[in-house]
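J.: With chain Y held as given, fit chain P onto it using these hints.
Here the protein sequences line up with chains Y and P, keeping their order. Quick note on the numbering used here: the first sequence kicks off at 3 and runs consecutively. Quick note on the numbering used here: the second sequence kicks off at 1031 and runs consecutively.
What the hints contain is simulated information worked out from the structure, not anything from laboratory work. Glycine residues also receive a C-beta, built at the ideal position from the N, C-alpha and C atoms. There may be inaccurate statements among the hints.
Have a look at the derived ranges for each label pair, beta carbon to beta carbon [unchecked claim]:
no.: 1; chain 1: P; residue 1: I1221; chain 2: Y; residue 2: K420; range: 44 to 54 Å
no.: 2; chain 1: Y; residue 1: K220; chain 2: P; residue 2: N1195; range: 17 to 27 Å
no.: 3; chain 1: P; residue 1: V1087; chain 2: Y; residue 2: S162; range: 55 to 65 Å
no.: 4; chain 1: Y; residue 1: S75; chain 2: P; residue 2: S1174; range: 39 to 49 Å
no.: 5; chain 1: P; residue 1: N1195; chain 2: Y; residue 2: P451; range: 19 to 29 Å
no.: 6; chain 1: Y; residue 1: D222; chain 2: P; residue 2: E1190; range: 18 to 28 Å
no.: 7; chain 1: P; residue 1: S1333; chain 2: Y; residue 2: S75; range: 21 to 31 Å
no.: 8; chain 1: Y; residue 1: D222; chain 2: P; residue 2: A1277; range: 55 to 65 Å
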Amino acid sequence: MGDSRDPSRIRVPFSGQKIQIPGTDIELPMGLDLSRRDVLKIAGYGSLAAFIAACGGTGTTTTTTSVTAKGGSMSLGSYLSDAVPKKGLQDVVDAFTSANGGTKVKVNTVDHGTFQNQINSYLQGTPEDVFTWFSGHRMRFFAKKGLAQPIDDVWNDVKSNFTEGFAASVKGDDSHVYAVPTSYYPWAIFYRKDVFAAGNYKVPTNWDDFKALCEQMKKDNLTPIAFADKDGWPAMGTFDILNLRLNGYDFHVGLCGGQQKWTDPKVANVFKKWAEITPYYSPAFAGLTWQEAAQQLLHKKAGMYLLGLFVSEQFVASGNPDDLAQLDFFPFPDVGSQYDAEKALDAPIDVYMLAKKSPTLGSDSGQAKAFLEYMSKGSSQITYWKASPGAIPTANDADPSQYPALTKKAAQIVSSAKRITQFFDRDSRPDFSGPNSMQGFLLKYLSNPKQDTGTLQGQMQSFWDALPPE
Amino acid sequence: MATSITPAREDSPEAGELVPTRRGGYHVLTRYDRRVLMVMVGIPLLLDVLLIWWPTVSSILLSFTNWDGVGSVTAQNFIGLKNYQFMFSGYTLFWPAFLHNIIWLAWLALIATPVGIFFAVLLDRDIRGTGFYQSVFFLPVVLSLVVVGFIWELQFSPTEGFINNAFGLVKSGKLIDWLGNPRINLYSILIAASWRHVGYVMVIYLAGLKSVDPMLREAAKVDGANEIQTFFRVVFPVMAPINVVIAVITTIEALRAFDIAFIVNQGKNGLELLSILITNNSISEASLVGFGSAIAVILLVISLGPIIVFLSRVMRTAS
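In isolation and in its complexed conformation, chain Y is listed as follows (with noise of 0.2 Å):
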């Protein structure tokens, strides 16, 4: 997902804006140079926020039949640190102070990285009433944690503006309601339409027209695939496609939710179909990081490259709007699997979400819904869209007459898909996602493709059983 799109980061999620400058992101690592008495320290004071909060008072319960309240004062968490969405989010809410009767907002923007990474802390501290977030599991586990809120009164106004999809993104595992989708971007293969016209390079729709495509490009010295992981996280999205059209979405959920193995031979398959790809990737890839990647597409090094929308950062960012012009992509092709009429793929949703220990929430409590109510306007969505366009926003009244023609492609491609997945570390265990796990895991596969991967698959298996219960 576009998650951790930074090399310094360990999960970074991508929100819809701007490039992120590699160097821009430098403060957090440094935050991170810890020793076990910081672990311990930020471990403590979690625990210690947690009983302080404990012993505080109840929740509150909505005595007046509307669930949202005009005037007053809320408070938003938000990890949209980067310029471009900051001020979407900035407009969003004056917009919102407006229409509310002048509720006043108190915004409080955490580095990106750093609000994920001390979310566990945050949200057991003393965090605003309404936070940001992301659906799948990374939420689901929050709410089961106790730590979220549910909004199944909001969703009822709210949910005749949103597809089943939606409203099956932002349900918890006790099935209420935690959250309110805002924005979301769909992973596909990326290509420039000019490059396709030299080479006379035709759209790919099955495995084999796929690699041939690959061959032919090799032949014309472009890079026919452009890879990068030294970030970790990207090679994940090519594994979530493969395994969702070779074993479908509900082995797939069922290997991120711990109910299938890892060492079943489906996920062997898996291995064996991705290395018939991988001799077509950017060399060196393991020392690139997605934006480099991102580069030899754009300077028609490369002639393809999956990812998620967010490329088009890279070719917004290079000053000359034909670059952008010219980016297009097409669905990842058919497998000959019986899944491939899934058509499922990965396209992360963002979420706003309400904080359970908000020390304000009790008072709030009106205004802070009335927030995510805002929030699912398509209106609402627009005017962040506007001004942060790198997803597209989520509501059915959302008017798609503005989109240019690649975000009308992308939310088309994502509303003909029959199963949608938000991304291996949204949907999967973050302990299991992170660095020395799964992103791990999948380097060390590509460090030799062709290997036999029983030896791999079981340690992965036996990471998995190593974990605590969730």
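T.: Below, chain P alone, put in the same frame as chain Y:
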């Protein structure tokens, strides 16, 4: 001893009164002095306990749990030695990380530190422009390792980086993946770490060399020793205290190795280090606080070795 102290005047009991002890003797220190001492010892002790011992002990306790950082630690969280069992037998990254720390130590001890010492010896010979060379080699030391990591990341980048471009590897298409190839990337970042470490060692050693009595060298020369003999037989032994400092610095640098690997790729794909495994497991969303603490305890145990050697040496010289 007590008898030699003049009793204070009776009207200033705080300032200089000789306080009788229960055993019938007299305290050497006045009540006031003892209070001052208590504060002076107590505050550092309190800080020490609060900031070092408490986290250390908690870390050890947490290493027996599967606590995920949410809520408080309960009895159900205690899982005995499971974390350790998994670490030693099931966790495929522990031994590689351990080995990488050893390689790091060996590299610094056998390559970077001797080079730093060599530079120091050369620059000690009052060659022309010694100040210039000193500042050149010392320049990287003022940079934080994070910055060093970023600088070298740019040098090592496969397609955009300076090294591959300078050697024409990009043009010829024979890219060397300095940071992505798990067989060489550890050595790539060791070069980056050495870039800084050499200057660090050089400056410390140079300061030590300046304090060596020149008479010793002259005497050695008179006795017919050549340069090499003079250094190894005379100067080096005289520098013993500095050598210990250098050894300790080298060991500490190897044990706390973290920054560069973390900057490069968060310490995966061949750059696993113990400190990084601790971070990635216990900080971040992963929150395997218990398992991360277990790795931390191992690092603590390893660190105790050099600490004990160093302390025993310091105490021996002190007494």
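J.: For every hint, state whether the structure bears it out.
T.: How the hints compare with the structure:
Checking the proposed 44 to 54 Å range against P:I1221 and Y:K420 shows it holds: the Cβ atoms sit about 51 Å from each other. Between Y:K220 and P:N1195 the beta carbons are some 23 Å apart, a value that agrees with the proposed interval 17 to 27 Å. Checking the proposed 55 to 65 Å range against P:V1087 and Y:S162 shows it holds: the Cβ atoms sit about 56 Å from each other. For Y:S75 and P:S1174, the Cβ-Cβ distance of about 41 Å falls inside the hinted range of 39 to 49 Å, so the restraint holds.
The hinted window of 19 to 29 Å between P:N1195 and Y:P451 holds, with their beta carbons roughly 28 Å apart. Remark: the range hint 18 to 28 Å for Y:D222 to P:E1190 is upheld by a beta-carbon distance near 23 Å. A beta carbon spacing of about 50 Å between P:S1333 and Y:S75 contradicts the range 21 to 31 Å that was offered as a hint. Judged by the Cβ atoms, the range 55 to 65 Å given for Y:D222 and P:A1277 holds: they are separated by roughly 58 Å.
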